[in-house]
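Top line first, the protein sequences correspond to chains A and B.
For reference, each letter of the first sequence is one residue, going 9 to 339 in our numbering.
For reference, each letter of the second sequence is one residue, going 6 to 371 in our numbering.
Hints in this document: simulated from the structure, not taken from any laboratory.
Incorrect hints may appear among the rest.
In silico BS3-like links for lysine-lysine, alpha-carbon gap of 27 Å or less [said to hold, decoys possible]:
| id | chain 1 | residue 1 | chain 2 | residue 2 |
| --- | --- | --- | --- | --- |
| 1 | B | 211 | A | 151 |
| 2 | B | 207 | B | 36 |
| 3 | B | 207 | B | 76 |
| 4 | B | 208 | A | 151 |
| 5 | B | 76 | A | 119 |
| 6 | B | 207 | A | 119 |
| 7 | A | 151 | B | 36 |
| 8 | A | 223 | B | 36 |
| 9 | A | 151 | A | 119 |
| 10 | B | 211 | B | 36 |
| 11 | B | 207 | A | 151 |
| 12 | B | 207 | A | 223 |
Heads up, incomplete: computed chain B residues facing chain A, CB under 8 Å, no partners named [to be verified]:
| id | residue |
| --- | --- |
| 13 | 24 |
| 14 | 37 |
| 15 | 41 |
| 16 | 44 |
| 17 | 208 |
This structure is a prediction, so every number in the text was calculated from the model and none was measured.
Just so you know, even glycine gets a beta-carbon here, dropped at the ideal spot from N, CA and C.
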Amino acid sequence: MRNTQVLTTGYCLLPSEYCLIVPALSLSNLRKSFGSVIAVDGIDLTVFTGECFGLLGPNGAGKTTTIEICEGLTEPDAGEVRILGQTWNGNARALRQRLGIQLQETQLADKLTVEETIRLFRSFYSRGLPVDRLVNMVQLQEKRSARVGTLSGGQKQRLALACALAGDPELIFLDEPTTGLDPQSRRQLWELVQELRASGRTLVLTTHYMDEAEKLCDRVAIVDRGRVIALGTPRALIAELGAEAVVFFAVEGEPMGMEEVTAISGALGSPHAPRQTDGGYELQVSAPHAAVPALLESLQGSGRRLSELRTHTPTLEDVFVSLTGRALRDG
Amino acid sequence: MADATMQARTAEATEGREDSESYSSLLELFKVRMREFLREPEALFWTFGFPLLLAAGLGIAFRSRPPEVAKVAVLASAPAADSTARMLATSSGIDAQVLNDSAAARALRTARVALVVVPDANGGVEYRFDPSRPEARTARLVTDGVLQRAAGREDVYEVREATISEKGARYIDFFIPGLLGLNLMGSGIWSIAFAVVTARNKKLLKRLIATPMSRVEYLMSFMLSRLVFLVLEVGALVGFGMLVFDVPMRGSWMALSLISLVAALAFGALGLLVSSRVTTVEGASGLGNLVMLPMWIFSGVFFAASNFPAAFQPFIQALPLTATVDALRATMIEGASLMSQMGELALIAAWGVASFALAIGIFRWR
C-alpha cells in the first residue's frame with residue numbers, strides 16, 4: 009500500500025533503471041525490546057534501490073536499534089527483514105559482501121595507518137575498490153600514512169566511510185555519520201554521501217539533524233519512541249503541514265496565556281495549535297504576508313509590546329514538532 | 006568548479022574498473038597483529054626485556070660462588086686468644102679475628118661471624134654458635150678440625166678430595182626453563198586478552214563482524230602472531246641463558262621447539278578464553294591474574310613444585326604451566342627425549358583444545 013502510494017505521488021526522481029520492483033530493504037512489523045524498554049515498536053519500511061533514505065528522530069527513538077537489525081547485528085524479537093531480496097538467515101556471508109556499514113561508535117585501531125586500515129577492510133571482500141581509489145574518494149590522500157590515532161574527528165569519520173565502501177557495496181548503512189563533527193567536516197561528509205547516491209548506490213542513514221535529512225535524503229521516516237510517525241519526501245512532509253511559514257514572536261512583560269495565543273492563531277487561520285518555545289510562541293501560518301500584519305494588529309489591540317519577531321520556512325523540525333509537540337533536540 | 010571535481014570523483018567511484026590486486030584477509034589480519042604489537046614499545050619491553058632482566062638478576066644473585074670461608078671470632082679476653090687466632094689463620098678455609106666480648110657477641114648475633122671461639126686455661130675450647138644455621142655448624146667442624154690437629158690429633162686414614170662443578174645443577178639452570186614456561190604463559194594470555202578486549206571495548210569487534218570477515222581467521226591471526234613471537238621469545242631467553250650463564254641444552258632443539266609451540270598455542274587459547282566475555286581491560290586484567298597466579302606460585306617456576314604438600318600435587322600436576330615447565334626442564338637439563346615428554350605434551354594440548362572450544366562457544370563479538 010505504502011509502495012503504491014509513494015510511486016503514484018510521482019516520486020520516482022531516480023533514473024528509470026533503478027526503479028526496480030525488488031526493494032533494497034524492507035522491514036515488516038519489526039519489534040525489539042531490551043528488558044522492559046521497547047526500542048522498536050512495530051516498524052514497517054521499504055527502501056528502494058538507488059535512493060537515499062533517512063531515519064530521522066531524536067536520540068533514543070530506536071533509530072540505531074532499527075539500523076542494526078537491518079545490518080544483521082541485532083536479532084529482532086519479531087518481524088521480518090529483507091535485504092536485497094534476502095533474509096539474514098543463512099545468507100549472512102553473501103549479504104555482507106554486498107553491504108557497506110558504518111557504525112555509530114566504532115573506534116578503529118589507533119596504531120594502524122589510514123592505508124593499512126583501509127587495506128584490512130578491503131581484504132575482507134572478494135571484490136571491491138582499490139585501496140588508492142578509496143583513499144581518494146574520502147580525500148585522505150595526505151593522511152594515508154598517518155596513524156589513525158592522530159586523525160581529527162572528521163577525518164576518522166571519512167576513514168570509517170572508506171572502510172564501509174571497501175567492498176564496493178550496493179547498499180550502505182550510515183549510523184549518525186556526522187554527529188560530533190564541525191560544520192566544515194559535516195559538509196564534506198554530505199558531499200560524499202551525495203556522490204555515493206549519485207553513483208547509484210542505495211543509502212540508509214540515521215540522523216537527528218533535520219537539516220541533514222532534508223539535504224541528503226530522497227525520503228525520510230520520522231521515528232519517535234520506536235515507531236514511524238511520518239514517511240515521505242522531505243518536501244511532501246513539510247507540505248503536509250499546510251503552513252507556508254512558521255512565525256515566532258515574543259512579547260515584553262507578562263507572558264501571554266496559551267488561550268490568548270490560541271485565539272490569535274485561530275484568527276490567523278493557522279492549521280495547527282501554537283506552541284510555547286524559547287520564551288515566545290510559534291505559529292504555523294499559510295500566508296505570512298497576511299498573517300504577520302494581522303498578528304501585529306492583534307497584539308497592539310490587546311496592548312502588548314512585541315520584543316521579537318521571526319519567520320522561517322517550515323522544516324522537518326516543524327513537522328516533528330507538530331507531530332509530537334516536542335522539539336527534535338529535546339530528545 | 007566544485008561541481009566539476011564532484012563529478013570527476015563520482016565518475017571515479019562509479020567507474021567499472023575492478024580492483025586487480027588480490028588480498029588475503031588472514032595475511033592482512035596477521036600483519037595488523039604484528040604492527041599493533043611492534044608499535045607498542047611497552048609490550049615489547051614486557052615480552053622481551055623483562056624476562057631477560059629477570060633472568061640476569063636471578064642468575065647473578067644465585068651464581069656459583071667460591072667455597073665459603075668460615076668466619077670465626079676469638080674472644081680477646083680468653084687466655085691464648087692471639088695464638089689461637091694465629092693457629093686458625095693458617096687454614097685457608099677460616100677467616101679468624103680477635104674481638105672483645107661485646108663486639109664478638111654482636112658479630113655473632115648479626116651473622117657477621119658464624120662462630121665464637123673461647124679457649125680456656127686448661128687447653129680446652131668453648132664454641133658459641135647457633136646450630137640452626139648451616140654455616141655455623143660448618144664453621145664449628147672446620148675450626149674444631151684445625152684446633153684438634155694443631156693439638157696433636159692424627160688422622161686415622163688418608164683422605165683424597167676430588168671436586169667437581171656440574172653444569173645443570175645450578176639455580177640458573179633450573180630457572181631458565183621455568184622462566185621460559187612463565188613467559189610463554191604470560192605473553193600468550195596478555196597479548197591476546199588485551200588485544201581482544203580493547204577491540205571489543207572500542208566496538209571494533211562489532212565493526213569487524215559487520216564485514217564478511219571470517220571469525221575463525223580473526224582468531225587464527227592471534228595464534229599466528231603468537232607463533233612468530235614464540236620463536237623470538239624462546240630464542241632470546243634460551244640464547245641469553247646459554248651465552249651469558251652457560252646454561253646447558255642437553256635435549257634436542259626439536260623437542261624444545263615442539264614443547265614451546267604446543268604450550269604457546271595452549272596459553273594463547275587460554276588467553277582467548279580469558280577475553281571471551283570481558284568488556285573492559287580492567288576486567289581482563291583481573292581475570293588474567295586470577296588464572297595465572299596459581300601457576301606462578303605452584304607450577305615450579307622459581308622453586309620445585311615438589312616443595313608443596315603431597316595433598317596439593319594432583320592439582321599442581323594438572324596445571325598446564327607445571328607440565329610445560331617440567332617438560333622444558335627435562336629436555337634442557339636432563340636431555341630427556343621427546344617421547345618421554347608425551348604425557349606432559351598431551352596435558353598441555355588438552356588444556357589448549359578445551360580452552361579454544363570453550364572460548365569459541367562463549368565468545369562475545371559485540
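Against the structure, the hints come out as follows:
1. 211(B) - 151(A): 25 Å, holds
2. 207(B) - 36(B): Given that 27 Å is the threshold and the Cα spacing comes to 20 Å, the pair holds.
3. 207(B) - 76(B): 64 Å, violated
4. 208(B) - 151(A): 23 Å, holds
5. 76(B) - 119(A): Violated. Residue 76(B) to residue 119(A) sits at ~60 Å, over the 27 Å cutoff.
6. 207(B) - 119(A): 13 Å, holds
7. 151(A) - 36(B): 20 Å, holds
8. 223(A) - 36(B): Cα-Cα ~41 Å, so violated.
9. 151(A) - 119(A): 14 Å, holds
10. 211(B) - 36(B): Since the Cα atoms of residue 211(B) and residue 36(B) sit roughly 20 Å apart, the hinted pair holds (cutoff 27 Å).
11. 207(B) - 151(A): The hint holds at about 22 Å.
12. 207(B) - 223(A): 31 Å, violated
13. 24: Result: holds, 4 Å to nearest chain A Cβ.
14. 37: 6 Å, holds
15. 41: With a closest approach of 5 Å, the residue 41(B) hint holds.
16. 44: 4 Å, holds
17. 208: Check passed: Cβ of residue 208(B) comes within 5 Å of chain A, closer than 8 Å.
Checked against the numbered hints above, the structure breaks hints 3, 5, 8, 12 and satisfies the rest.
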